[in-house]
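Enquirer: Using the sequences plus the hints, can you model the full thing?
14 is the number of the first residue of the sequence shown in the numbering used here; add one for each residue after it.
If you are wondering where the hints come from, they were derived from the structure by calculation, not from laboratory data. Do not take every clue at face value.
Dumping the calculated DMTMM-like pairs for lysine to aspartate or glutamate here, alpha-carbon to alpha-carbon at most 25 Å [what the hints assert, rightly or not]:
| hint | residue 1 | residue 2 |
| --- | --- | --- |
| 1 | LYS100 | ASP176 |
| 2 | LYS100 | GLU178 |
| 3 | LYS100 | ASP232 |
Quick caveat, the model's predicted, so the values are computed rather than measured.
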Amino acid sequence: MRGIAALSVALFHWEHIAFATPNPDQLFRYGLLGVEFFFMVSGFVIMMVVARRPEAGEFWLARMVRLYPAYWVSVLVTALYVLAVGKYDLAAVLVNATMLQSFLGVPNITNPYWTLAFELSFYLGMTIVVRLGATARIEAIALGWLAAGLIYRIVAPGAMAFDAERPWVQLAYIVVAPQFSPFFVAGMMLYRWREREMGSAGRFALLLALATTFLGRGDFAQVSGPVYGLFALAMATALFLASGLSRAGTALRVFAWLGLVSYPLYLLHCSLANLAGLAAPALALPAWAAVLLSAPVSLLLAWLVHARIERPAQRWGRRLLSRPGDIPAPVRI
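Expert: In structure tokens:
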């Protein structure tokens, strides 16, 4: 499922870069909602990891080994483009290499990076929950997070996007995640439902999370409430069904493969498309053709990054902890 999400986001960006199509007119306009599905899967997977009661150090090592190796490759590839066209300077590239740029008020050097701030904030929040021994109260905490998002929408309806000129507003937006917390919470509660651990508060949290999505998405995407909510319901249904198939060991090979390469594909596809557009005159190709040709290149490079960088990094992490169970293999959802 993660592979389908990554591919849908890539199709959205490839079309936009190739044809400079405004969002409302795009054939794959709603491909950008693959990001929300990533958030829902993240909620599911991190809830599963937290249920194993890892130490904070083990949890963060597992996350860093998962996130950073492929990310650094993408930063290098992106730097080739942004430095060549003068879009960003070396300082911005170096700050982006930390993955903390959104917390520091520095622009993302490529579009897909914006989601990582929400992921890191979610990981930190879950770490605090574990450290406080509050895992048993996770359903009430999830309800509190959703309530904070609703209050944010009422108090600051005009601050529903990144705002580098107001760093404290941007930080609040990332932490509260008013538009995206419902997806994390839905994923968490779906895991508890699958494990038959969900109580009445969890059922209410799941219903509230899905209901909140019908308020729509008000940043650059401008997705109406009915469309956003129906997509969220479809995502939740697909995730719950896919998690059952994953547990049963039933999955189509192509989807399993896409799931494995989904993260590097997500990180790399935009920068490779931009580089292809830049190289189009030298290749004697129209820009749109060069960008479309970058699609198979993106899939190939994503596979190479997974096979040659991600997997060795994960093996290194397991050896470092000397306990193979501490860094689980990627969950194929």
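Enquirer: If a hint holds in the structure, say so; if it doesn't, say that too.
Expert: Tested hints:
1. LYS100 to ASP176: The given pair, whose Cα atoms are some 19 Å apart, holds under the 25 Å limit.
2. LYS100 to GLU178: This hinted pair holds, its Cα atoms lying about 18 Å apart.
3. LYS100 to ASP232: Measuring from Cα to Cα gives roughly 23 Å; hence the hint holds.
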